[in-house]
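Those protein sequence lines, which keep their order, are chains P and S. Under full-length UniProt numbering, the very last position in the first sequence is 325; numbers go up by exactly one each time. Under full-length UniProt numbering, the very last position in the second sequence is 374; numbers go up by exactly one each time.
These aren't lab readings, by the way, just hints derived from the structure by calculation. A few of these clues could be false.
[Stated by the list, open to error] With a Cα cut of at most 30 Å, we get these calculated DSSO-like pairs of lysine-lysine: (1) Lys275/S / Lys359/S; (2) Lys275/S / Lys145/P; (3) Lys145/P / Lys54/S; (4) Lys145/P / Lys95/S.
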Amino acid sequence: MLFYILRRVVSAISVVIVTVVTSFLLFFVAPTDPAGVICGPKCTPDRLADITRSLDLDQPASEQILLYFKGIAVGRDYSTGGVTRHCAAPCLGYSYVLGVPVTQLLANAVPVTLSIVVGGATIYLLFGVLIGTLAARVRGTTLDKAAVGTSLVIGSVPYFVVALIIALYATFLPKSQYVPFFDNPIAWAGGLLSAWLCLGLTNSASYTRYSRASMIEALGQDFTRTARSKGISERRVVYRHGLRAAMTPVITIFGVDVAYQLVNTIFTERIFQLPGLGMRLLNAFNQYDLPVLMGGVVVGATVLVLMNLAVDIFYTVLDPRVRLG
Amino acid sequence: MSTDPNIPQGGNMTDQTVRSPQTVARTPRTRAEGEEAYLEVTDLHVQFPTADGKVNAVQGLSYALPLRRTLAIVGESGSGKSVSSMAILGLHDRKSTWISGSIKVGGKEVVGMSEKDLMDYRGADAAMIFQDPQSSLHPFFTIGDQIMESYRAHHNVSKRVAKARAIDMLGRVGIPNPARRVDQYPHEFSGGMRQRAMIAMALVNDPKLLIADEPTTALDVTVQAQILDLIADLQRDFGSAVVFITHDLGVVAEIADDILVMYGGNAVEHGPVDKILGTPLMPYTWGLLESIPAVSGTPGPLHPIPGSPPSLLAMPSGCAFHPRCEFKDRVAGDLCRTLKPELIPRTADQGRSSRCHLKEPDRVFETEVLPRLP
């Protein structure tokens, strides 16, 4: 068991390292003039030289990557415009456009994105599983067909259309804004409500379908018949025996899906004007702010890998058959 | 136990006459004098409405079984043996199944029983062992958990008491080191051990009726014999009635007191095991015996019954077996094709009945079929 987790952790770390190296090569080594791109159109030769030196672009590529990892591990110093700034670990670089360390920039954005996704995912998991399970129990009836039909319709409407409709019509909801949770939890929830509803509504459609299919399969299994033959209530048959088996694949999808949501909230953030990771990266992209983009890739990759790891480990709790070595 | 005046009690086989082609005659009681039937199935019909029409899975099945006796129900896939037995536990989905007739277990009428009464009845009065213990046990709960759940469904006891009972039951079905095994998951058990655990779970509430639906089919041959012995031993200890569903006549000879042969949703032959296997009176039973491969002597070709089982959507007219029957031409007047034979008690032969138009089937069997048997 411990060996299993250890193996997964090692493989997760190596995936992150490979991703960081690849994106570093892509952003800073492969382009002919990354400093020029960062410097922008109104670039002076002095500024260009300054950025080149500051980013160690005059060093060999291997040296640059090592320095980048060193920054993540222990922090490093950046000298630009004659001023030396310390960038504390984990240092993901320095944004010359905004004049702040990337880590600080992303650290402000991640809680916003996290809040959006956690709230939205809770809504869609709850609703999806609830409606899917109910539909499975009454499968073939009008109610089931209505649930499946509705989820198909919602699922086929593009996400931003739903978001726009909510933004336009659900004006009774509190104004969309981000207030840190620890400042005012009620304002936090209120400000995120429309984003949560949007994310929850659109994604619950697919979770309804997953849960329904998974539940129908579980209820058709031999062990469900065994459970019924014991003389326990139908509710216990469905929710203890059926749901327990049906949720394993759904949770697997959910874990990976939440990770993707974390790096894909760009529409939600843009439409509801929330300063999250997606907005940050979009701005960085518009301004050719390569260090910020690079930082975004590192954070995104780490989140994905961590969530996968969490799912793998959680799976051993869910399914006792996976607990071996 | 049964107080239903419509159901004739034992000892009056001769006046059990046939009524109409669809409502099958009461089968003769196959129990010894004075024994009350614990399970009484009377004119059971099970139908599944489908898009293609009604599937008549069981068409007027009647039999009775006293305590301490084992009835083997034999037949091909689709003969209705499993469907009729699931009905005994009320396991068919109410919405998609149409059941009529009567199933009495210890005096309780199961057909039309309310969901609440079914909950009290299942597992306590009657329990079931299923074919494949691998898929019939829940993979995510420990063996102990699953046995305890059964016990606690019918006994208001603490988890500790229930666990002690589960360990006790595991010991009784021959699982070594039950105190440790009780906390293991099904995948940590071998196939035979899983089936033993399944049996422990079925018997945990001491039911008086045990239904075993091909409990050895998914197991190795060596393990099969052990499981059969176990069921026989436990039946003696618990004094229960056992319905044993199988398509293996070798198993039948080993474990059963009575046989009920089913074909196309009907009982075609019913009686004590030695008589039916000694002198079967119905060409389908002959075919079953002939199709058993010989394990001693010179191995010859297999002798399957020609054709395939009938579609339950479009049953053949007359006798359901006639398209596959090599003796149908012996019956005068195309009777096999036009008239469904009744399940007729054999007055000369106590306690057995068969469904066939053939005259003197015992003579035909002895002169023509017996020499061909391996």
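| query | Looking at the structure, which of the earlier hints fail to hold? | reply | Going through the list in order, the structure violates hint 2 alone and respects the others.
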